[in-house]
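**Student:** Next come the chains, spelled out residue by residue.
There are 6 protein chains.
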Amino acid sequence: MISPHACVDPAARIGAGCQIAAGAVIGPEVLLGDNVRVGPGALLTGPCCIGNDSTVGAGCILDAGADTTGGELVIETDVQLLAGATIATRVTVARGARIMAGTVVLRSVPPHAIVAGNPAQITGYTLSADRPEAASPATTREREIGAYPTTVRGVTLHRFPRILDLRGNLTVGEFDRSVPFEPKRYFMVFGVPNAEVRGEHAHRTCKQFLICVHGSCSVVADDGVNREEFLLDDAATGLYLPALTWGVQYKYSRDAVLLVFASEYYDSAEYIRDYAEFLALRQ
Amino acid sequence: MISPHACVDPAARIGAGCQIAAGAVIGPEVLLGDNVRVGPGALLTGPCCIGNDSTVGAGCILDAGADTTGGELVIETDVQLLAGATIATRVTVARGARIMAGTVVLRSVPPHAIVAGNPAQITGYTLSADRPEAASPATTREREIGAYPTTVRGVTLHRFPRILDLRGNLTVGEFDRSVPFEPKRYFMVFGVPNAEVRGEHAHRTCKQFLICVHGSCSVVADDGVNREEFLLDDAATGLYLPALTWGVQYKYSRDAVLLVFASEYYDSAEYIRDYAEFLALRQ
Amino acid sequence: MISPHACVDPAARIGAGCQIAAGAVIGPEVLLGDNVRVGPGALLTGPCCIGNDSTVGAGCILDAGADTTGGELVIETDVQLLAGATIATRVTVARGARIMAGTVVLRSVPPHAIVAGNPAQITGYTLSADRPEAASPATTREREIGAYPTTVRGVTLHRFPRILDLRGNLTVGEFDRSVPFEPKRYFMVFGVPNAEVRGEHAHRTCKQFLICVHGSCSVVADDGVNREEFLLDDAATGLYLPALTWGVQYKYSRDAVLLVFASEYYDSAEYIRDYAEFLALRQ
Amino acid sequence: MISPHACVDPAARIGAGCQIAAGAVIGPEVLLGDNVRVGPGALLTGPCCIGNDSTVGAGCILDAGADTTGGELVIETDVQLLAGATIATRVTVARGARIMAGTVVLRSVPPHAIVAGNPAQITGYTLSADRPEAASPATTREREIGAYPTTVRGVTLHRFPRILDLRGNLTVGEFDRSVPFEPKRYFMVFGVPNAEVRGEHAHRTCKQFLICVHGSCSVVADDGVNREEFLLDDAATGLYLPALTWGVQYKYSRDAVLLVFASEYYDSAEYIRDYAEFLALRQ
Amino acid sequence: MISPHACVDPAARIGAGCQIAAGAVIGPEVLLGDNVRVGPGALLTGPCCIGNDSTVGAGCILDAGADTTGGELVIETDVQLLAGATIATRVTVARGARIMAGTVVLRSVPPHAIVAGNPAQITGYTLSADRPEAASPATTREREIGAYPTTVRGVTLHRFPRILDLRGNLTVGEFDRSVPFEPKRYFMVFGVPNAEVRGEHAHRTCKQFLICVHGSCSVVADDGVNREEFLLDDAATGLYLPALTWGVQYKYSRDAVLLVFASEYYDSAEYIRDYAEFLALRQ
Amino acid sequence: MISPHACVDPAARIGAGCQIAAGAVIGPEVLLGDNVRVGPGALLTGPCCIGNDSTVGAGCILDAGADTTGGELVIETDVQLLAGATIATRVTVARGARIMAGTVVLRSVPPHAIVAGNPAQITGYTLSADRPEAASPATTREREIGAYPTTVRGVTLHRFPRILDLRGNLTVGEFDRSVPFEPKRYFMVFGVPNAEVRGEHAHRTCKQFLICVHGSCSVVADDGVNREEFLLDDAATGLYLPALTWGVQYKYSRDAVLLVFASEYYDSAEYIRDYAEFLALRQ
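Protein chains in written order, with numbering that gives the first Met the number 0: chain A, 0 to 282; chain B, 0 to 282; chain C, 0 to 282; chain D, 0 to 282; chain E, 0 to 282; chain F, 0 to 282.
It should be emphasised that the hints constitute simulated quantities derived from the structure, not laboratory data.
One or more hints might be untrue.
In this list, chains with the same sequence are indistinguishable; a pair is considered to hold if it fits within one copy or across any two.
Below, computed lysine to any residue pairings styled on SDA-like, alpha-carbon distance capped at 25 Å [unchecked claim]: (1) K183 to G198; (2) K206 to I162; (3) K206 to T150; (4) K206 to G167; (5) K183 to G167; (6) K183 to E143; (7) K206 to E173; (8) K183 to L163; (9) K206 to S217; (10) K206 to N168; (11) K183 to P241; (12) K183 to R272; (13) K183 to P160; (14) K183 to T88; (15) K206 to A242; (16) K183 to A268; (17) K206 to E28; (18) K206 to R176; (19) K206 to L230; (20) K183 to P27; (21) K206 to S262; (22) K183 to L30; (23) K183 to D266; (24) K206 to P241; (25) K206 to V73.
Predicted model, so just to flag it, every value in this text is computed and none were measured.
For reference, chain A alone in the conformation it holds in the complex:
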């Protein structure tokens, strides 16, 4: 359904079930998947490629013609661009992302991320719609010591003893007891600029256990069906990610130190860095 007041170049390729509103401009090097909706006055100058079921809001601008850095401007499936968003660089907006109204996107956007502002910053992730009564770090902090399930399959939150003392505080964990495995390796992440995402991948066989020992950071855990975000801001709280869990770490405070125990020595072949591959393995 293309409005008679839209201006669509004959060379553009338009999928089945697309809707193009009045005042929209579609250039010659534009490829729309199926069921894409383009709002009034949206300018898809191109070149660009938009996946199935995505939405381009009123007055959005997709115009990578002046960007000579190479690559393509790709909007994957199920993406929402709200009114007035501008993308003028050859970046990829991954599946399920949401670009808020008036956002100016300068870098690629990861799966399910929500971005806003000029320039765009990740402000959150689109989480599972239905979240039954599950543990979160905040509620866990007041619970007893132990492990609590979450909405994400296999992911557990762990509460450790925290011994307060005028001479200094102490927290302690025991491997194979309060921590679910014996570690082969630890690593620490620190000195992360505030808004930066660090780490966005799953592991084939490696289990991980995360403790934010100073400052705070947020971890999004995703089993392919459910996603949940955990704010880690306490040395006595740990988050267990079993193998085949997609994990995102972000919103580091400037002084954050994230300690990670891993059940395996490092093996680069063991990382899954492509979300589509992760979804395939999960099913």
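With the hints as your guide, set chains B, C, D, E and F onto chain A.
**Tutor:** For chains B, C, D, E and F alone, coordinates are given in the frame of chain A:
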């Protein structure tokens, strides 16, 4: 006067004396009051409702269709949206507000406020056009101790003694003498996030006396005809607001403590929180 | 009882019941009251005057001879100088004070003060020995809103509502209701250097109500028999001092603002600045 | 080449070789030079004047009609406005500037500046395309003491001794030896708000020598053909600007102090503040 | 050898080889071990007990008579009190400690500690006299990744990879590879007041591995013969303490987080908290 | 005049007119100049050497015997040690210095310095007794632009223009006009630890001009007869030191940058580093 190059849905309701420029798109659920001017390329996808004498600049976007939070997108009377402003949420922009060019509005805008940026922040208020020679805190600071009139009816600025001493400083006020009334009550506001507006209302019978005892904040006082903004940043300066004065407090510094003396005990029925009601009472 | 190994100038005047230990040196212009105890090796070069029941610890030095500013070195009654203290200026150490070990005293020490360090700083006051279960700001903070008695006669601690809000916090008090009187006057003290004592007096008829609206300070209240120290560090806590209460304010944080409501207009004749006079009036 | 889907007012003046894309709106008081390209959906409401060889990207808005402050909205030659930029004030964008996607411009933009954000801030300068192996402060810091040429004609970077010492550090320069001239005058710039540009001009006869003695700032030097940017952040590095060099100073850190030695006493007639005049003199 | 100008109470018990200088005062409840040297003018009012080979410098005051808290004032063997130190509390100064000139000691002093100031703070430990060319964190930081011996038997310093990245930094360790054992347990110490000593003990069988993951702290490791102090201030440096190593942790920065891996689950019987017992086990 | 109750070693050498008070102990390796006064209970264990007209207050301890670093403990002429000072290291206390009560001296003390605390810090200099109405930086700041004489011969304070501007501030000086000479050289001092003295010397022929361009520092200027201390804390204030002026720079703030213009190229032979030599040249 509707440009032949504009695209107006027949279901839209357009008031008398409206002007709609070339390239503008007006959706079916849009209601324009009288004398509304819509600039070239403005996208009023709707649903929205725009009051008399308001202006929507070139390329502005009013598109609340994707916002499912309920309510309505309302632009009241005498509002100015400058070029390129975007509103994609169901908020109210109150009478006399001015939305600067390129602003992305995410929250409701109070009467006479000026907002700018992405996301929008209040940067000021549209003040009285003609400001005769009146007292301001800065000029008052160098005057003698006493009370000074302002451009707003009945509002006075008060200069108290400030005794500087190597052992610490002192300021003092006397009720029924240097403060115009005997207080029944004090309250203090503190811990206000920087850009936040706190308080926007008038009182039917209660008089108030405001002193910023630490840090700084700004107070806009409005008698329905004249408005003036006062920066309070000194423990020896007070601002008297008689009954039936509309007051706005904002631009709190992080460390601000605002001390308010009130001439009456608290009575919620005594507050006027609607600006239209205030204007009616004032006349 | 003078040790034969002490060296006491015949011109010195020694009261009844004094004890002077081995190695001590007592100069000609020294006047000891009754029951003064002078420890081993103490050097009372003088000129100085030590009141009844005071103690000069081992190795202390009282040597005002090099101070040409005039006045006298006076140690009042019931003073304790612990081992190794040095006083080389013509100051007064007032009754009940305690000079901690190793202190070097450069300024006069007020009644019941405890001083330590080099140079001496007031670190506290010698409080009532027996403190029955009474309110303190810390315990009050967790109690319900209302007024609580203290160990000091007539002095009450007041807990006000504290309304926390994402948009900023609020606290409120009502005169003649939650505050025990109607104020005639307020004053504020601010910009006080950290260790400085500010205010040390009683009022004949004026009642006071103290709130530390920013930062923190300590108030010692004294009814002539009992003394108690209150740390005020919260805008929702007030301290009521009835007439004829000796009050000391000190330990101001750099950013402290102390708000005081007074039941009377200012009258200098109404102040009692001499502790002995205060004690007489109290009895 | 004007698209049949563009809407161009007959009163507009359009230069030779201009291209105007679909959906663009050109108002009556618009003047386009030669070879100007206007992208799809761009709204040139006017009044405005655009110089030869400039580009206005998709969805850009040039709408100064609501700005009553006087002056003109002028886009000079060789300017690039990327997609979605908004200019609603009567400012000048000088030759060679680049306005990044989504930028909201509120103030005039100097020659060759790159601006981005809402509101626009200068983020850099379009520098010389070919930069042969030349000195920069960073590489100079590790070189030996001495003077090094740069890509800009006559401009040299100078490395001074830096004597580190536990008791404090020292750096030293000698006039007519390590500094190329004898100064008649020094001046210091300090307290500069962070993003602010300070100084943008050339001198007819005066030579300058710049040292950032605390904090850091950036200097762009331009001989009319080549431009290079120098970060000065070290008291032992100096930058020599001969006469007839266009210099820009910006990106001051909050604590920056820039010390400048000048070879002549102050003479306002000696300043060239117009870039076009500078280019003429250079040739 | 007692000076005839000293004043020694006949009730005092004086060991063989003691030297008591002119002007000293020795009270009745004083017990001096062998070879104690007491300097001129020192006042050992007592009660106190001083171990063999200790030295009390000129003008020191040991006067626990006014301390009514019970216990004894004990100076153990090989202690040095330099001139002018004052101890007026019933504390223990443990073997090998050194009390610097002018110090006022208020708390017990641990073995080999060096204390200074008023009040006394631990400023260091008397380390091994001969320190052959060994690793320290500072020199290790510039060495290659690996493990380095120290002067203390079995204690090793470990340098881990530190991967610097604009997106944040990373360090990593592998158990049974770069860390000498597989941990059964971790614990973290944090929120330690600055000058506070935390932990002063050895383990019978447990090995420990210490990493200061944020801020800094110092660790003294002692094999009974050699002692060395290690400043840990870098997340990529670890310190290995084998079983039967005496360890002291102190000088925590306010923001320090010390992560410890332990080779055994917790067992209180496994701790040695008495230094004398440790020395016995070591031999 | 030696008190019969003092204990003076026959090997000590005592100058003419010395006074030694009761209880004092004078060791064998002590050399007192003429007119030295030693207070009661002072312990001059030695070895030490005290210059003419110096005073050692009651209870002071001079005991360099435990310092095995070599050198001598020398107290020069006209030095005052107030009561309770302790010196246990082989340092030199230079002429005219004053050691305040209770100080523990660990490092050499420069001429006319006043030191206090434990450990001793330089707190000032003994300045000229009579200070006629002269310029100081504080009073100068409010005067007009120009040069003002001081109490020190030839030394002038200079007030420069300070142009305040929202875009940043500016100050300017002209050589041979507002600065009294043409510089051959500049140097800058920065990164000085707070309490450290840096520079203490005079120049034979070189004139200097000092501006503290960031932070603050203090300069003591001395013509051999008068001394005055200047706090430089403002980039628009300069201090001129003619040749043959003894200058001391200290009390640097951590962020201080001191800019010095010198009238001559560097010549080490031109420095006078010995105060006695300076005094001789001055006369």
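**Student:** Confirm or reject each hint.
**Tutor:** Status of the hints after comparison with the structure:
| no. | hint | verdict |
| --- | --- | --- |
| 1 | K183 to G198 | within (20 Å within a copy, 27 Å between copies) |
| 2 | K206 to I162 | between (27 Å within a copy, 22 Å between copies) |
| 3 | K206 to T150 | within (18 Å within a copy, 39 Å between copies) |
| 4 | K206 to G167 | between (31 Å within a copy, 22 Å between copies) |
| 5 | K183 to G167 | between (29 Å within a copy, 23 Å between copies) |
| 6 | K183 to E143 | between (28 Å within a copy, 22 Å between copies) |
| 7 | K206 to E173 | both (16 Å within a copy, 15 Å between copies) |
| 8 | K183 to L163 | between (30 Å within a copy, 23 Å between copies) |
| 9 | K206 to S217 | within (18 Å within a copy, 33 Å between copies) |
| 10 | K206 to N168 | between (28 Å within a copy, 21 Å between copies) |
| 11 | K183 to P241 | both (15 Å within a copy, 20 Å between copies) |
| 12 | K183 to R272 | within (22 Å within a copy, 31 Å between copies) |
| 13 | K183 to P160 | both (23 Å within a copy, 16 Å between copies) |
| 14 | K183 to T88 | neither (42 Å within a copy, 50 Å between copies) |
| 15 | K206 to A242 | within (5 Å within a copy, 30 Å between copies) |
| 16 | K183 to A268 | within (17 Å within a copy, 28 Å between copies) |
| 17 | K206 to E28 | neither (44 Å within a copy, 53 Å between copies) |
| 18 | K206 to R176 | both (15 Å within a copy, 19 Å between copies) |
| 19 | K206 to L230 | within (19 Å within a copy, 33 Å between copies) |
| 20 | K183 to P27 | neither (54 Å within a copy, 64 Å between copies) |
| 21 | K206 to S262 | both (5 Å within a copy, 21 Å between copies) |
| 22 | K183 to L30 | neither (48 Å within a copy, 57 Å between copies) |
| 23 | K183 to D266 | both (12 Å within a copy, 23 Å between copies) |
| 24 | K206 to P241 | within (5 Å within a copy, 29 Å between copies) |
| 25 | K206 to V73 | neither (33 Å within a copy, 52 Å between copies) |
Hints 14, 17, 20, 22 and 25 from the earlier list are contradicted by this structure; the remaining hints agree with it.
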